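K.L.:
Here the protein sequences come in this chain order: A and B.
Each residue of the first sequence is one higher than the one before, counting from 1 in the working numbering.
Each residue of the second sequence is one higher than the one before, counting from 155 in the working numbering.
Derived from the structure by calculation, the hints contain no laboratory data.
Keep in mind it's a predicted model, so treat the numbers as computed, not measured.
Worth double-checking, as some hints may not be accurate.
Chain B is nowhere near these chain A residues, computed Cβ spacing over 10 Å in every case [claimed, not checked]:
#	residue
1	64
2	95
3	148
Keeping only pairs whose Cα atoms sit at most 27 Å apart, straight-line, the calculated DSSO-like set for lysine-lysine is [unchecked claim]:
#	chain 1	residue 1	chain 2	residue 2
4	A	23	B	492
5	A	130	B	230
6	A	123	B	552
7	A	102	A	29
8	A	98	A	4
To give an idea of the chain B side of the interface with chain A (calculated C-beta under 10 Å), a few residues [stated by the list, open to error]:
#	residue
9	193
10	347
11	501
12	557
Glycine residues also receive a C-beta, built at the ideal position from the N, C-alpha and C atoms.
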Amino acid sequence: MDIKELYQEIVLDHGKNPRNKNKLKSFNKEAKGHNPLCGDKIHIFLKLDNDKKVEDISFEGEGCAISIASASIMTETIKGKEFNVAKKILENFLNMLKESSKLRINSLSEDENTTMMSLSGVKRFPMRVKCATLAWHTFMHAAEEKKGTANTEK
Amino acid sequence: MDIKEIKSKFPIFKNKINGKKLIYLDSANSSQKPKTVIDRISKFYSKEFSNIGRSVHSLAVTATNRFEETRDMMQKFINAKHREEIIFTKNATEAINLIASTYGDKFIKEGDEIIITELEHHANYVPWHFIRQKKGAIIKFAKCNDKGEVEIDEIKKLITNKTKIIAITHLSNVTGAIMPIKKIVDLANEKKIPVLVDGCQGAPHLKIDMQELGCDFYAISCHKMYGPTGVGVLYAKKKWLDVLPPYQGGGGMIEEVKKDHITFPGSPTKYEAGTLQTAEVVGFSESLKFIEDVGIKNIMEHEKEILEYGLDEIKKNNSVKIIGDPKVRGSIISFTIKGIHPHDIATILDEDGVAIRAGHHCCQILHEKMGVVASARASLGVYNSKEDIDALSNAIKKCNKVFNN
């Protein structure tokens with residue numbers, strides 16, 4: 001196994017130059033996520049409009065390349081999408097890391113699909129799956145206005 | 155010292171990790187075990203096992219003897235005055251909790267002060283935090299300097315008439331700083347303040363002599379001393395054990411039980427409630443034999459040589475920053491690489507069979523102080539060689555390559 005399967009160019013790029021890494025000026029939902037085992041922290045800012053569309057999303061946080069890249073890729077992918085679609089993408093993403101290694105979703109463009117697939121290498125590194133899923137769990141935490149801090153242990 | 159021969163005593167090194175030779179640099183977390191320790195546990199279960207201290211049948215007598223012989227060996231190993239001063243716990247964490255709880259209950263009142271340092275592992279902070287909450291006590295942190303060491307003056311200036319205990323690490327599990335325990339004990343003695351030493355990293359790497367150090371309590375983690383998991387040792391001066399209350403209640407720690415009153419025996423019985431980790435304690439006797447056979451002085455010299463080589467090699471890489479630069483240090487190199495998170499470092503190193511730890515190493519206070527969220531840590535054991543350091547240096551270079559640094 002080559003370590004480059006985990007650290008693909010797209011992942012490294014998002015890890016080094018994360019997109020949407022700032023605090024939105026206007027947001028109506030937010031949540032913090034924490035992975036107590038490795039100390040990764042993330043704060044999601046979300047603007048969900050009345051039609052339940054992800055109007056805008058951003059994040060702040062500290063963590064490894066995988067967790068930052070995953071947060072960056074997530075915000076880029078779900079921004080502008082219907083919440084229901086975003087939820088479906090999330091389910092697919094989690095499934096990709098746990099069971100299958102492919103995404104099964106039609107609503108993604110080819111580029112989006114390639115970008116999301118760049119994280120599929122994580123599946124082979126069980127200790128790192130939580131790094132990749134933290135942002136996604138935190139997004140759901142924000143969207144559904146759950147109390148407390150999201151963490152990958154729950 | 156023939157490191158190849160020493161390494162050959164550890165069966166784990168026969169295994170491949172990700173198809174590569176295992177380079178184990180995580181001994182501060184837990185050390186590997188020599189075959190003699192593994193075999194001793196197997197032999198104990200196969201031929202000698204019974205619960206100890208209770209039954210009168212032959213097996214029980216043998217098992218009890220083997221267990222108590224380990225206590226005698228430990229007494230000798232750390233030069234304790236009395237065998238009753240050696241208490242077996244499940245780990246060093248339990249040893250510290252035992253003292254925090256019993257000493258805290260009896261001697262710490264509202265407004266009293268506990269001195270610890272910014273170097274401490276969570277195991278030597280959180281138990282005191284419980285006492286702080288329970289009793290309304292105050293915890294004072296002796297400051298660590300930018301070299302990752304705590305100067306004795308930083309402790310001295312915190313001592314007041316309200317100081318009830320000083321709890322300090324012997325050897326920092328992050329910066330490798332070795333604390334001047336004897337000097338701190340002398341300072342504390344002037345005010346009759348007891349000193350607890352977290353010896354988790356001290357005991358495997360330094361010569362520890364309780365008469366020389368003079369501390370009141372010393373907590374030891376046996377699995378870091380080439381011993382089995384599930385065993386810790388609390389050394390406590392007899393004068394304290396005579397007055398401190400029991401810790402956990404249960405079978406084996408009582409003298410007489412009546413409906414209206416219960417009396418307790420002396421140490422160590424008073425502190426060893428319930429069925430203990432018998433086989434592991436007996437197995438640990440072989441760890442002590444191993445250390446004594448190699449010789450703690452030889453271990454110290456060898457590890458010093460590898461540590462210095464390691465520091466020199468790693469410093470050659472400009473992207474690497476070593477955490478701390480204490481004057482007196484042992485067995486540990488924590489570092490960061492510019493632009494690469496420690497977890498990514500650990501994963502990339504693991505691909506080459508190099509096992510290190512990444513994270514805050516249960517020292518969040520210290521990491522915050524040093525201005526980093528997490529670090530990568532390479533820590534040494536007697537089996538490490540210069541080749542292991544070379545493998546580490548090469549793997550670090552690979553991190554830079556993977557990340558296009």
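K.L.:
Run every hint past the structure and note whether it holds.
P.N.:
Status of the hints after comparison with the structure:
For residue 64 of chain A, the requirement that its beta carbon stay farther than 10 Å from each beta carbon of chain B is not met, with the minimum near 4 Å. Taking the minimum C-beta to C-beta distance to chain B, about 23 Å, the non-interface status of residue 95 of chain A holds against the 10 Å cut. Its beta-carbon lying about 20 Å from the closest one in chain B, residue 148 of chain A satisfies the requirement of being farther than 10 Å from that chain. At most 27 Å may separate the alpha-carbon atoms for a hinted pair to count; residue 23 of chain A and residue 492 of chain B meet this at roughly 25 Å.
Between the alpha carbons of residue 130 of chain A and residue 230 of chain B the distance comes to roughly 46 Å, so the proposed pair goes past 27 Å and is violated. At most 27 Å may separate the alpha-carbon atoms for a hinted pair to count; residue 123 of chain A and residue 552 of chain B meet this at roughly 22 Å. A threshold of 27 Å between alpha carbons decides the hint, and for residue 102 of chain A with residue 29 of chain A the separation of about 30 Å lies outside it, so the pair is violated. Taking the CA atoms of residue 98 of chain A and residue 4 of chain A, the gap is about 20 Å. The hint holds against a cut of 27 Å.
Hint on residue 193 of chain B is violated. Least Cβ distance to chain A is approximately 31 Å, over the 10 Å limit. Given the 10 Å rule on beta carbons, the hint for residue 347 of chain B is violated: about 34 Å separates it from the nearest Cβ of chain A. Contact between residue 501 of chain B and chain A, as hinted, is supported at the beta carbon level, the nearest pair being about 6 Å apart and thus within 10 Å. Residue-level restraint check for residue 557 of chain B holds (minimum Cβ-Cβ distance to chain A is 6 Å; threshold 10 Å).
Hints 1, 5, 7, 9 and 10 from the earlier list are contradicted by this structure; the remaining hints agree with it.
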